[in-house]
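Note that the protein sequences, when read in sequence, are chains A and B. Under numbering that gives the first Met the number 0, residue 342 is the last one in the first sequence; the count climbs by one each step, no gaps. Under numbering that gives the first Met the number 0, residue 304 is the last one in the second sequence; the count climbs by one each step, no gaps.
By construction, these hints were calculated from the structure, which means they are not laboratory data. Each residue gets a CB set at the ideal place from its N, CA and C atoms; glycine is no exception. Warning: the hint list may mix true and false statements.
[As the list claims (entries may be wrong)] Some chain B residues well away from chain A (every beta-carbon gap over 10 Å; in silico): (1) 68; (2) 114; (3) 139; (4) 241.
[As the list claims (entries may be wrong)] Facing chain A, from chain B, some residues (calculated, C-beta under 8 Å): (5) 197; (6) 207; (7) 208.
[Said to hold, decoys possible] Here are the simulated lysine-lysine pairs, DSS-like style, with alpha carbons at most 25 Å apart: (8) A:105 x A:128; (9) A:305 x A:320; (10) A:224 x A:241; (11) A:201 x A:224; (12) A:305 x A:241; (13) A:128 x B:220; (14) B:223 x A:128; (15) B:220 x A:99; (16) A:328 x A:241; (17) A:68 x A:16; (18) A:99 x A:180; (19) B:84 x A:16.
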Amino acid sequence: MDAVRLINIELSLGSFKLGPLSTSMANRTYNVIMGPTGSGKSTLLKVIAGAYRPNSGSVIVDGVDVTNKPPELRGIAYVPQGYALFDHMTVYGNIEYGLKVRGMPKSIRAREVYRIAEDLGIVNLLNRKVNGLSGGESQKVALARALIVRPRVLLLDEPMSMMDVSTRESLIPTLREIPRKYDTVVIHVTHDRDEAYALADKVTIINNGRLIEEGEPEEVFTRPKRLFTAQFVGFTNIIPAKAVKTQGGSTVHVGDLTLHSSEGIEGSVYVCIRPEWFNVTNEGGLNVIEGTVLDVERGRMGYRVKVSAGGVTFNAVVQSKLSSGDVVKLSIPPDMVHLIPAY
Amino acid sequence: MVYAGELPLRVALAVSILILLLLIVYPIVLLITLGSAQLASALSVGSFIDAIEVTVIMSTLSALVAIVMGTPLAYLLARYEFRFKQILDSIIDIPIMVPHIIVGIMIVLAFASRYNIIFNTLNLVAHKLMLIDAALSRYGLLHALLSPVVNALVNLLTGITGIRFVNTLWGAVAAVAFLSSTYYIRVVEAAISMVNPEMEIVARTLGASPSRVFVSITLPKVWKAMANGALLSWARSVSEAGALFIVAYSIYFNGNYIYPASVYIYESYVGVGLANAVKYSAALLIIVLIIFVAYRVALGIKRGG
Chain A
0 MDAVRLINIE
10 LSLGSFKLGP
20 LSTSMANRTY
30 NVIMGPTGSG
40 KSTLLKVIAG
50 AYRPNSGSVI
60 VDGVDVTNKP
70 PELRGIAYVP
80 QGYALFDHMT
90 VYGNIEYGLK
100 VRGMPKSIRA
110 REVYRIAEDL
120 GIVNLLNRKV
130 NGLSGGESQK
140 VALARALIVR
150 PRVLLLDEPM
160 SMMDVSTRES
170 LIPTLREIPR
180 KYDTVVIHVT
190 HDRDEAYALA
200 DKVTIINNGR
210 LIEEGEPEEV
220 FTRPKRLFTA
230 QFVGFTNIIP
240 AKAVKTQGGS
250 TVHVGDLTLH
260 SSEGIEGSVY
270 VCIRPEWFNV
280 TNEGGLNVIE
290 GTVLDVERGR
300 MGYRVKVSAG
310 GVTFNAVVQS
320 KLSSGDVVKL
330 SIPPDMVHLI
340 PAY
Chain B
0 MVYAGELPLR
10 VALAVSILIL
20 LLLIVYPIVL
30 LITLGSAQLA
40 SALSVGSFID
50 AIEVTVIMST
60 LSALVAIVMG
70 TPLAYLLARY
80 EFRFKQILDS
90 IIDIPIMVPH
100 IIVGIMIVLA
110 FASRYNIIFN
120 TLNLVAHKLM
130 LIDAALSRYG
140 LLHALLSPVV
150 NALVNLLTGI
160 TGIRFVNTLW
170 GAVAAVAFLS
180 STYYIRVVEA
190 AISMVNPEME
200 IVARTLGASP
210 SRVFVSITLP
220 KVWKAMANGA
230 LLSWARSVSE
240 AGALFIVAYS
250 IYFNGNYIYP
260 ASVYIYESYV
270 GVGLANAVKY
280 SAALLIIVLI
290 IFVAYRVALG
300 IKRGG
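Looking at chain A on its own, in the form it has when it is part of the complex:
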């Protein structure tokens, strides 16, 4: 059974409309909801938390309809963007809070706080005020505060947005193991695709308050079904083309070029290629594009080059240093020429 089910959620907030939106998340899984700023992902999280009541639709947790229940009766813990640590309390006070309001005896609270603090490696922070904590420390305190109540669902709103890159990377394993270690379902909201790819068992893409696409990250990041998804997850080559079905795939006419795709589709399509999928080659053959370098930009993964070939401009990330005006051959394997039907 799915731990969380959202059924036809609709909510109007001023001029913004969320939904109708339906999805579900299984227990002990890490779910990432990804969308651009203003797409409604944080609002959706607040609907699940109970901070907003939807105009219609239902939020089901473990088979129980919690739509009309207040946040404190939902079994859901929430870590907002910026963490919202209680800055008039110590780290200990923060973590203890959920047990204290449940009326748990002091000795049990102390034991639980130490246990979770040990788990997350923050025992040394327990007596500190929360104001001087670093981004990574704050996040761990917020996680401890949320996890100590053993929530059925853990909601994380952009949990890494306040961190530098190295802290972010070091925290990925901690987050990754939460669903199984704490027997919960994590719903994590972000606009960062690296974060989503690293963490998710399932990725849900939303835009303008609507669900665009969802699936396993490998699927969504390499074989998106929707044009918006392709743009959002980093396909910088999205080119209108005509495809003709062949045995074992299709032949695609892109500008004056002909490419082969292992996906068998007929008609108007968008050819979608991630820039890092191109290889520089010296040989000719199938799916080799010969063109002129228009522009070179240094990037984290290599050189980002724009190559003009057959009336089309391709974006590629290559490891060899090229200059504008160079003639270059780029090859792309047929199974990496992804096609999205153009409706």
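Chain A is already provided as a structure; the job is to place chain B on it using the hints.
Just chain B, lined up with the frame of chain A:
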């Protein structure tokens, strides 16, 4: 951007400090210097002590009214967007704009005139209840059962409508609470809007009820502002004269008619003269300042609450 020490800033500051000294510091210093020598003499006058006592009681009750009325309103204004928010906002600002004499007239009109709709209605209800009671007297058992309840209700209603507002503490508190609550609401509203609402949501998800969230999360962060706002509203009430001229020129308290402090000073000025008024003014000012400072020190309120 003007850098500290640049000429335009220095000139502007010089002008502003000159006005500050002339308009605010100079009169205060002069009053206290002249009056402090007579502090003991002022405080030995029984009627003046009574005036201060009744003023402090009136102002404290008014501050309590501000807390009870103002805290939920401040929370509402700080946290939510809703239809008619602008209207509510404006209503809260009305007391700042209305001349105080008019506030006095309004209080008299609303609670101490034949136009008092609320009391008139309650009297009518009490009258009807008495008629019902009389009609019931024919039904022995029913009358025996219901009559005590009806009588209690009638007593309650006539008790309420028996409250007098002119020259009583009720009227004085109503008038000064009308004028001073705005200060409390605005200070507390600003403080609540500074509390991250996400903290309240987190606390709710962690299992706290709304009242528990207010007590454990919001209140620790705004109580100083509440205390500060209550003090401001209290001080505003102490200083009130205009509305009291109409509603409670003297207040019937402990079997005597006692002037509120501001009226007392006015009386001493027009009745005896400036020197006499200076004596009492300085004494009142010193007492208010002592209470002000002591209160702030006790609460540890720093600048801005």
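Hints versus structure:
no.	hint	result
1	68	holds, 26 Å
2	114	holds, 43 Å
3	139	holds, 50 Å
4	241	holds, 41 Å
5	197	holds, 4 Å
6	207	holds, 4 Å
7	208	holds, 6 Å
8	A:105 x A:128	holds, 20 Å
9	A:305 x A:320	holds, 13 Å
10	A:224 x A:241	holds, 17 Å
11	A:201 x A:224	holds, 15 Å
12	A:305 x A:241	holds, 22 Å
13	A:128 x B:220	holds, 15 Å
14	B:223 x A:128	holds, 20 Å
15	B:220 x A:99	holds, 19 Å
16	A:328 x A:241	holds, 23 Å
17	A:68 x A:16	holds, 22 Å
18	A:99 x A:180	holds, 23 Å
19	B:84 x A:16	holds, 22 Å
Checked against the numbered hints above, the structure breaks none of them.
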